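Turn these sequences into a full structure, and let the hints steer you where they fit.
As they're listed, the protein sequences go chains A and B.
Heads up, the first sequence is in this note's numbering, so the first residue is -17 and it goes up one at a time.
Heads up, the second sequence is in this note's numbering, so the first residue is 5 and it goes up one at a time.
No lab work stands behind these hints: they were computed from the structure.
None of the values given here were measured: they were computed from a predicted structure.
For each residue, glycine too, the CB sits at the ideal point set by N, CA and C.
Possibly wrong hints are sitting among the right ones.
Said to hold, decoys possible - When the alpha-carbon atoms are kept at most 25 Å apart in a straight line, the in silico SDA-like pairs for lysine to any residue are as follows:
#1 A/LYS(-2) x B/GLU84
#2 A/LYS281 x A/VAL217
#3 A/LYS(-15) x B/ARG138
#4 A/LYS333 x A/PRO284
#5 B/LYS128 x B/ALA329
#6 A/LYS(-15) x B/GLU168
#7 A/LYS(-15) x B/ALA102
#8 B/LYS128 x B/VAL185
Said to hold, decoys possible - Across the chosen pairs, the derived CB separations fall in these ranges:
#9 A/GLU71 x B/ASP309: 29 to 35 Å
#10 A/TYR136 x B/LYS81: 46 to 52 Å
#11 B/ASP156 x A/GLN110: 57 to 63 Å
#12 B/ARG165 x A/GLY337: 34 to 40 Å
#13 A/VAL22 x B/ALA408: 36 to 42 Å
#14 B/ASP309 x A/GLN110: 45 to 51 Å
As the list claims (entries may be wrong) - Selected chain A positions facing chain B (Cβ under 7 Å, derived; list incomplete):
#15 ILE(-14)
#16 ASP(-11)
#17 TYR37
Listed here are the chains, written in short residue letters.
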Amino acid sequence: MLKIDNDLGRFRDIVKGRVRRELRRYMSSGELLGKQGGKVVSIPLPRIGIPHLVYGDNDKGVGSGDGDGGPGTGQQAGETPGEHLLEVEITVEELAELLGEELELPRIEPKGSKEARTVRHRYKGISQQGPESLRHTKRTYRQALKRSIASGQYDPRRPVIVPQKEDRRYRSFVAETEPRSAAVILYMMDVSGSMGEQQKEIVRSEAFWIDMWIRHHYRDVETRYVIHDAQAKEVDRDTFFRTRESGGTLISSAYRLAAQILERDYPVEDWNIYPFHFSDGDNWSQSDTRTCMELLKTKLIPWSNQFSYGQVDSQYGSGQFYKDLAAAFGDEERVVLSRIPEKGAIMDSIKELLGGGR
Amino acid sequence: MAVVSQRFLRDGRGLPPELEAARVEIEALARGHGLDFFETVFVMCTYEEINMIASYGGFPTRYPHWRFGMDYLQMQKSYEFGLSKIYEMVINTDPSYAYLMDCNLPVDQKLVMAHVFGHVDFFKNNAWFAHTNRKMLDQMANHATKVERIIDRQGQADVERFLEMCVSLDNLVDPYAPHIVRQRVSSEAEVQAAADADVSRLPASDYMDPFINPPEFLEAQRERKARSVQRMRRFPESPDRDVLGFLLRHAPLERWQRELMQVVYDEACYFQPQAMTKIMNEGWASYWHTKMMTQHILTDAEVVDYADHNAGTMSTRPGQLNPYALGVKLWRHVEERWDKGRFGKDWMACDDPMEQERWDTGAGLGRDKIFEVRRTHNDVSFVDTFLTEDFVRQHGMFTTRYDARAKRWVVDSDGFREVKQQVLTMLATRGAPRILVLDADAFHRGELLLDHPHEGLDLQLDYAREVLGNMARIWSRPVHLQTRLDDKPVTLSHDGEELKKVDGHLRREDGSRRADPDAEEETP
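See the structure below:
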């Protein structure tokens, strides 16, 4: 612990305060997407500093060297004048805390018995047998030194130590089981022709913050991505946000695929399940909608901690699906619906989707 | 000796035996060369510690403030990314403390030690450091305790905010203040006496008096007296460059606020001489480390690393003035001139380049001269006196300017006059613009009137707004700063809430003041 750590901590608090103040802007501008590197998010902030009376941008300097001296032979240098940005790194953990505090989100309570046990092998122990590749040289020599001193063979003037077979020590692993609470986030997105770039941008932002929040509560979080138009398929994250399909919309195809994925990979007793579906609410037919309701009622909703539906308004969509869902599951507390008319509403929508604490 | 440093030493942070041997050797060498330094204690640090100490300005203990944490974070990042590395740090105290980074090569450590003895000799002997507190380690530690105690009483948020306000003014101190007495405060009686005194007449016999003291003369004398009385009534009587000091003495502060401001003020004053002698000081230390390393210390195996690292320090990047490089070259230039007798009337009179080239009277005064110069000069006078036309030509110096259209820096001129002018301007304006307190009772309303004698560069406005706001809150009355923007006289007024920009200046050149800011505009 260095003395400076107090000042550093204080500075980090100030940074967090700034981030909190800017949070709404970050949420609607999508500025932070792609800024996440592992456990930290790097955030551009206006430089925090103490102002002084100083001269403005200086446009003159002095150099030396072997130039031919004629005008125009100088070398490029210096920063471009402009706003000074400070890239600060903040952990995903801290950002999620800020999000939670700012939106007053309740903490998620993982479902009761849903704890999987994982077995991990850790090299913690030492044993007398083992493969040579795991030999612990230092311990081996220490053992040999002990033995040679004990047996009176050790000569300080000629400190040669030769390990013998019984001196050898090897690293050994022990198996540890540890409980974990795991969650899977299943994103489904309508990529039919009516979902434009803007709508996808909104989904992207929402997904970023949802990830952040859910990851904050579970040790292990998996994410799966499903896109659908008239057919559904599973894709990777990159494709999820980039594809532009066109064609009709059969939402049931996505729900069916989702149910398959969950059935196959995520037994409901081990996993906390969070499906999120984003669409513009324009389903192909009422009969397909009926299929959807059936799938939701029998499979998706009973399995999930919470089923969330976000409807992104588009100029083509009728938005009928929202009304249908509201009519069918209006009083089911595990179903959360949200409408996102434009970017500015992302914040409120996230609050609606995550405000239940499930 | 300061407590903290003792702790360092007790933890066995002294030098390992081989470096201790090198230290003894280098110290003896340095003394042999005539360097005269305080006892110098070397402390081994990890890079984290050295970054911490660097963010604290060289001191292991400072008062708590987040800006040190910010600096630390940036240093840490830039070290971890391999962008920068601190080789040496030494503070002006008696005994002097120098920090070595434990992961540097032994040859680097020797270089640093040789360099450090140069610095400490400079601290001890240069006139501008004469009034610095050589027990600053103790004072910094005391400041830390004091601030922590105030935080306990007043709460962190208030103390932090007030410190920020003070720190934003900490470049507005008078670097010459410790060396002279500027303040003259006349008592009421003195002013009265001056006002009552008769107009002085030249001595003359009665019949000559109308000729020796004619009415016009007496009238002029009366006006002069009136002006001087008026000046005596003003506060301050003469413009005061020590803005932070002025606020410290005269602003209506609570006791804890005054204590905090005193801390910031003392520390700011302590660091002034460093800023004033950067080129000389770094140049002097580099001059000595190169001399000692190359002539005595280096072993064959170390030459390559030494040359590499030395070149790294001495390289000049475009658009920057490397104080190490310029300094060491100037010192060598001075030494050569006085060794060869290239000074005085005959030298000045010589205008034959061939003869100048050959000029060597064998005077051999170089060493005496550089030791004399290091006692009395600061950067501005050093460059002013010794940056000669020959030097500028020899080293291919040129001025640059930013070509906004081409979006790059271009060579402006390689003329001697321009180069010297530019270097001097950079030195004279480095750090802070000159800001003067003109009047602490502007408009007879207790408002503070400041002046910025414009020297070609405009102030940065967004910062000026915040700084003036801080000043108005400290002064608790509106503050006005006269400056020039885009070649027009402008007065920036801040009442603690918002900044107003008024064209023209409030006070005329002759010192008379305008009755009210809304009165007619003044043309420059």
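For each hint, the structure was consulted:
1. A/LYS(-2) x B/GLU84: The given pair, whose Cα atoms are some 23 Å apart, holds under the 25 Å limit.
2. A/LYS281 x A/VAL217: With Cα atoms ~22 Å apart, A/LYS281 and A/VAL217 stay inside 25 Å; holds.
3. A/LYS(-15) x B/ARG138: holds, 23 Å
4. A/LYS333 x A/PRO284: Cα-Cα ~23 Å, so holds.
5. B/LYS128 x B/ALA329: Judged against 25 Å, a Cα distance of about 23 Å means the pair holds.
6. A/LYS(-15) x B/GLU168: holds, 20 Å
7. A/LYS(-15) x B/ALA102: holds, 19 Å
8. B/LYS128 x B/VAL185: At roughly 23 Å apart (the allowed maximum being 25 Å), B/VAL185 and B/LYS128 satisfy the hint.
9. A/GLU71 x B/ASP309: 29 to 35 Å: For B/ASP309 against A/GLU71, whose Cβ atoms are near 34 Å apart, the range 29 to 35 Å holds.
10. A/TYR136 x B/LYS81: 46 to 52 Å: holds, 50 Å
11. B/ASP156 x A/GLN110: 57 to 63 Å: Given range 57 to 63 Å: holds, Cβ gap about 59 Å.
12. B/ARG165 x A/GLY337: 34 to 40 Å: At roughly 35 Å between Cβ atoms, A/GLY337 and B/ARG165 fall inside 34 to 40 Å, so the hint holds.
13. A/VAL22 x B/ALA408: 36 to 42 Å: Roughly 37 Å apart at Cβ, these two residues keep to the hinted range, so it holds.
14. B/ASP309 x A/GLN110: 45 to 51 Å: Holds - the Cβ-Cβ distance for B/ASP309 and A/GLN110, about 47 Å, lies within 45 to 51 Å.
15. ILE(-14): holds, 4 Å
16. ASP(-11): Hint on A/ASP(-11): holds, closest Cβ of chain B at ~3 Å, below 7 Å.
17. TYR37: holds, 4 Å
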